[in-house]
Structures are given as C-alpha cells and as structure tokens.
Amino acid sequence: MIPAMPPTATASRQSSHAVLRFGRFAAMGTVAALILIAGVWASWGTAQHVMLTKGRERGTVDVTRCGPDMCTGAFTPLSEGAQPRARVEIAKSVAVEKGRTYTVVLKPGSDDAVRSGPAGVLYAWIPLGGALLLASVVVAGGLLRTRAAWVLALSGFALLTAAFFAV
22 MIPAMPPTAT
32 ASRQSSHAVL
42 RFGRFAAMGT
52 VAALILIAGV
62 WASWGTAQHV
72 MLTKGRERGT
82 VDVTRCGPDM
92 CTGAFTPLSE
102 GAQPRARVEI
112 AKSVAVEKGR
122 TYTVVLKPGS
132 DDAVRSGPAG
142 VLYAWIPLGG
152 ALLLASVVVA
162 GGLLRTRAAW
172 VLALSGFALL
182 TAAFFAV
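Numbered by the numbering used here, the letters in the sequence shown go through residues 22 to 188 in order.
Just to be clear, a hint being listed does not mean it is correct.
What the hints assert, rightly or not - Label-pair restraints from in silico Cβ distances:
id, residue 1, residue 2, range
1, L99, A47, 43 to 53 angstroms
2, V40, P89, 49 to 59 angstroms
3, A59, G138, 23 to 33 angstroms
4, T85, R168, 48 to 58 angstroms
These are computed hints drawn from the structure, not numbers from a lab.
All values derive from a computational prediction rather than experimental measurement.
Built from N, CA and C at the ideal position, the CB exists for glycine as well.
Using the sequences and the accompanying hints, generate a full structural model.
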C-alpha cells in the first residue's frame with residue numbers, strides 16, 4: 022500500500038503547477054505581444070507616409086530604370102504645392118516594374134517615394150501580416166488559445182492575400 026500524501030504536499034504541488042502555468046502564460050503572452058508590436062513597428066515606417074498624406078507631396082512616378090534594390094523615374098505632381106522632379110527613387114519589389122506608372126507619396130525632405138492608394142496601404146502592412154501569422158503559432162502552442170490563434174492566422178492570411186492581389 023502506498024501511503025497517502027499529507028494535505029500540505031498536495032496543496033504545494035497544485036500551487037507550483039499554478040505558478041508554472043502562469044509563468045508560461047506570461048512568457049508566451051509577452052512573446053506574442055512583442056511579435057505583434059514588431060510587426061506594427063516595421064509596417065508603420067512606410068504606412069505613415071501612405072495613410073497620413075495631408076501636407077505630403079503626392080503624384081505619379083514613371084519608372085524608367087531599375088537596379089537590384091531601387092527603381093528610379095520622373096515624378097509628376099498631383100497635389101498642390103508638390104514640385105516636379107526629374108528623379109525619385111522607389112523601392113524595387115515584385116510590385117514595381119520598369120516602364121509602368123505608379124501613384125506615390127514622397128517622404129518628407131527626400132526623393133524617396135512610396136506607393137499610395139489601396140495597393141500602397143496593403144503593401145505597407147505586409148510585415149504586420151507576417152507577424153499575425155507568426156503570433157498565431159505562439160498563441161496556439163504557448164497559450165493554448167486555439168480560437169484566438171485562428172483569428173490571428175486568418176487575419177494575417179487575409180492581409181497578405183489582399184496585398185498580393187492588389188499589388
């Protein structure tokens with residue numbers, strides 16, 4: 022026969038399990054929150070110029086040349102106060118091709134352009150879409166919250182899919 026444990030040992034064991042569960046919840050919650058914050062931070066660098074266009078120079082760029090990382094072209098202003106420029110730079114991606122014209126917003130104080138309109142907004146938030154997908158894995162595996170994980174994963178997938186078709 023196995024002797025019964027004293028009541029204090031059982032209570033102590035339950036208490037230590039609760040502390041470990043809380044520690045796992047706190048650690049994984051922190052990791053998931055940091056992933057989402059990093060996604061917003063990475064996206065906001067471009068998204069702020071696309072979404073908050075008041076007072077910024079808006080126009081079109083006719084892409085004439087593309088290098089490995091950047092494409093260049095002439096800027097034609099569409100907004101009041103914008104100046105035409107012979108050469109502005111736009112980041113080369115699958116969404117930018119030589120010979121095409123894109124609506125852009127210029128970053129203040131520079132000749133760097135970012136795409137505007139719905140395609141530009143979706144393209145700017147792509148890092149957040151990736152962060153949502155990654156955080157969904159942490160939420161499902163570390164926090165054991167499958168419904169919340171599905172919401173995060175489907176949100177990230179929807180954002181990336183919309184960006185793919187808009188660009």
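Does the hinted range 43 to 53 angstroms hold for L99 and A47 at CB? Hint holds: Cβ distance 50 angstroms, inside 43 to 53 angstroms.
Between the beta carbons of A59 and G138, is the distance compatible with 23 to 33 angstroms? 26 angstroms, holds
Does the hinted range 48 to 58 angstroms hold for T85 and R168 at CB? With a Cβ separation near 50 angstroms, T85 and R168 satisfy 48 to 58 angstroms, so the hint holds.
With 49 to 59 angstroms as the target window, see if V40 and P89 comply at their CB atoms. Since the Cβ atoms of V40 and P89 sit about 53 angstroms apart, the hinted range of 49 to 59 angstroms holds.
Violated hints are absent here; each numbered hint is respected by the structure.
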